[in-house]
Amino acid sequence: MFNIIEKEHFSEKVVKLVVEAPEIARARKPGHFVIVRTGSKGERIPLTIADADPVAGTITLVVQAVGDSTRLLCELSAGDSLTDLVGPLGRSTEIRHHSEGAVVCCGGGVGVAPLLPIIKAMKAAGNRVISVLAARSRDLIILEDEVRTHSDEVIIMTDDGSYGRKGLVTAGVEEVLQRETVAEVVTIGPPVMMKFVALLTRKYNVPTLCSLNTIMVDGTGMCGACRVNVGGKMRFVCVDGPEFDAHQVDFDEMMMRMRAYDKQKP
Amino acid sequence: MKQNDNDIHAADTRDSIWRAGLRAAMPAKERTAIPRAAMPQLDPAYRITCNEEVNRGLDEEQAVAEATRCLDCPDPQCVTGCPVNIDIPGFIKNIQRGETLEAAAILKRTSALPAVCGRVCPQERQCESRCIYNKMKRPPVAIGYLERFAADTERRALADGAHPDIDKAAPNGLRVAVAGSGPCALSFAGDMARRGFEVDVFEALHEIGGVLKYGIPEFRLPNAVVDSELDNLRRLGVRFHTDIVIGKTLSYDDLIERGYSGLFVASGAGLPRFMGIPGENFIGVMSSNEYLTRINLMGAGSPDAPTPVARGRRVAVIGGGNTAMDSVRTARRMGAERAIIVYRRSLAEMPARIEEVEHAKEEGVEFLTLCNPVEYLADENGRVRAMRVQRMELGQPDASGRRSPVPIPGAIDEIEVDEVIVSVGVSPNPLIPDSISGLDVTSRGTIAVDENLRSSIPLIFAGGDIVRGGATVILAMGDGRRAAAAMAAQLLKQKK
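Read top to bottom, the protein sequences are chains L and C. Reading the first sequence from the start, the letters are residues 1 to 266 in the numbering used here. Reading the second sequence from the start, the letters are residues 1 to 496 in the numbering used here.
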């Protein structure tokens, strides 16, 4: 069960794992996530699904080593298996066809992985899709070819200018907002990036969807660790999300809460 | 629709010769003079240093003496106080005559989890509250202690290689699915397996047992006890599957396609409730579900578990139920110097079991009653540092008959805390109600069912917290039992 079929290093700390999970591969839709555990005492880690092949019965996960548990996961090789894998969890993305205006999908770092299925679905629904990929430097830009295949245009932004254009993701998004009608923006990446994308698109009054990756324990609507303030209401990322109206999310509170265990982790 | 399997075991009735003999052997006056057994317990100073079970269980001599106290009433009221109508005098008298394994067999006919019930049921409000001894102004027979004794004796016998007693009908060729693996699901699964159904239990988490594993702490219900109850169900043929969310991994249609004749939903309580007061999202404020799940399910706090948990020095637990007691006692074991229950009513209205309150007091837990938090305050990093509590006084009785607390104007205190555990109840888990179309849900988010626990979809039954919104282990088990009887009758009728 949950055998790792294939492993690829995107960069030193980012790996792609293709995992055998026929039920999840069949049931998942864009936006869904899974919970993964490595080892009998392992932590439950939420990861968004980057891709799935229902015929082969596999799903693709992209993992960045940020703590002990994700590092352990990144150290696994093809032939190893995950101790636990459960999903698909959360609500799937609402994919709409916009007859007027483009859909801008902007992803930062490993956020591009969960963005890919949304890009695909948005394109398949007949939208003009403009993807903006951002990272600190060239080697951290992932899944570029796959994104290009399903986008009408791709804009690459790097902090250091080593690839594409130098600058933050918001510069790339604003360029599009200024030159053409945009019906919807989807943003997935680090919270601070999503916060600034939301501030920008609010200025242009463009509906914006974000996908949140808060701390979770069970991931099935039980513990409440993932609670966020959306439009003044308490919402649970695991069952009400992971996607929310980015203009309503209290990103500052969310970022504060994500530091809850910083001290205890090396 | 009371299912009574006990009728087929006539040898155990009150009229059997051995039981009449026991009644005749000692006059009632002598029996009632025997003092009620005291539960041997770990010393409070020791138990807050570890997770070992506090109650150690009666020894055989104590159990037989306690069983002798039972007068074997002609019309035993204790049975009517039990949500699953266990044949209480029947099992107790078997303990008295030294046939403890027979006592365990009687328990298993009506309860899938006797070792659990003997530990966590509020007997003082159920069976024991109806005991004839209460009318004589004497402490009731310790039914819960005896139930635990019988179940534990059997568990030890099985561990020593005794042959398990498998009481089960021939396979009927029908297969049913169960969503969830808590007490309600297990009770249903056991009953259906006994009736000859193939039973598959699907659990979303990586451990089987639901609240028995993630919720109730080791010091009150050891995991080994739950595991042994699960083994009993496996011996009956029940199959367990972890990491599967019904409605997500497998839909209801998938189950029907795969040949299941029915689905029982016992997915339990879900979303924790919060109070909606300022500061509730500060770091260090969490639900009791989160706190207990981190520690009980994920092993947080033990050196080899990567899941972290906050270890507050001054911990406030908001609420007065059993989950609040479990949380506050856990906090003491996690090293809290001050562990405080904050409850808006008085001690007399507290819903927790008396035993839990007593144990908590022995362990140094403080009780701040007639107090309600109104705000949490944090440091510059967003970590909780204090709470403001409103002092209350008791006013007129409310709809529940309890005197409702009313705020004393201006009486607000600030108390230093570095961890707050909110234990003010849960809402039903929304996963399954959200994912099966055509399934009627009440305004509270619970699955709507008829008196037989059947939902708006005829092949789906539901029970436990997903129907009740929040209840005890034994009420959940009672639902599992009732649903099994009704679903079995329906499916067998359809089959004909």
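In short, the hints are calculated from the structure, not lab data. Cβ coordinates follow ideal geometry from the N, Cα and C atoms, glycine included. It is possible that part of the hints are untrue.
Which stretches of chain C does chain L cover? Using the computed rule of at least three CB atoms under 8 Å from a CB of chain L, they are [unchecked claim]: (1) 192-199; (2) 249-260; (3) 350-359; (4) 386-393; (5) 403-409; (6) 427-435.
Derived, one-sided and incomplete: chain L residues facing chain C with beta-carbon distance under 10 Å [to be verified]: (7) Arg44; (8) Leu177; (9) Thr181; (10) Leu199.
To see whether the hints hold, each was checked on the structure:
Chain L is given as covering the region 192-199 of chain C, and this is violated because 0 residues of the stretch bring a CB closer than 8 Å to a CB of that chain, at least three being needed. With a threshold of 8 Å between beta carbons, the proposed coverage of the region 249-260 of chain C by chain L holds, since 3 of its residues qualify and at least three are required. Closer than 8 Å: that is the beta-carbon criterion, and the region 350-359 of chain C has 0 residues meeting it against chain L, so the requirement of 3 is violated. Evaluation of the coverage hint for the region 386-393 of chain C: breached, as 0 residues show C-beta separations to chain L shorter than 8 Å, against a requirement of three.
With 0 residues having a beta carbon nearer than 8 Å to a beta carbon of chain L, the region 403-409 of chain C misses the requirement of three or more and the stated coverage is violated. Under the rule that three or more residues need a Cβ within less than 8 Å of chain L, the assignment of the region 427-435 of chain C holds, with 4 such residues. About 7 Å separates the beta-carbon of Arg44/L from the nearest beta-carbon of chain C, less than 10 Å, and the hint is met. The interface hint given for Leu177/L is broken, as the beta carbon of that residue sits about 32 Å from the closest beta carbon of chain C, more than 10 Å.
Hint status for Thr181/L: violated, given a least beta-carbon distance of 34 Å to chain C, over 10 Å. About 21 Å separates the beta-carbon of Leu199/L from the nearest beta-carbon of chain C, more than 10 Å, and the hint is not met.
Comparing the model with each earlier hint shows violations of hints 1, 3, 4, 5, 8, 9 and 10; every other hint is respected.
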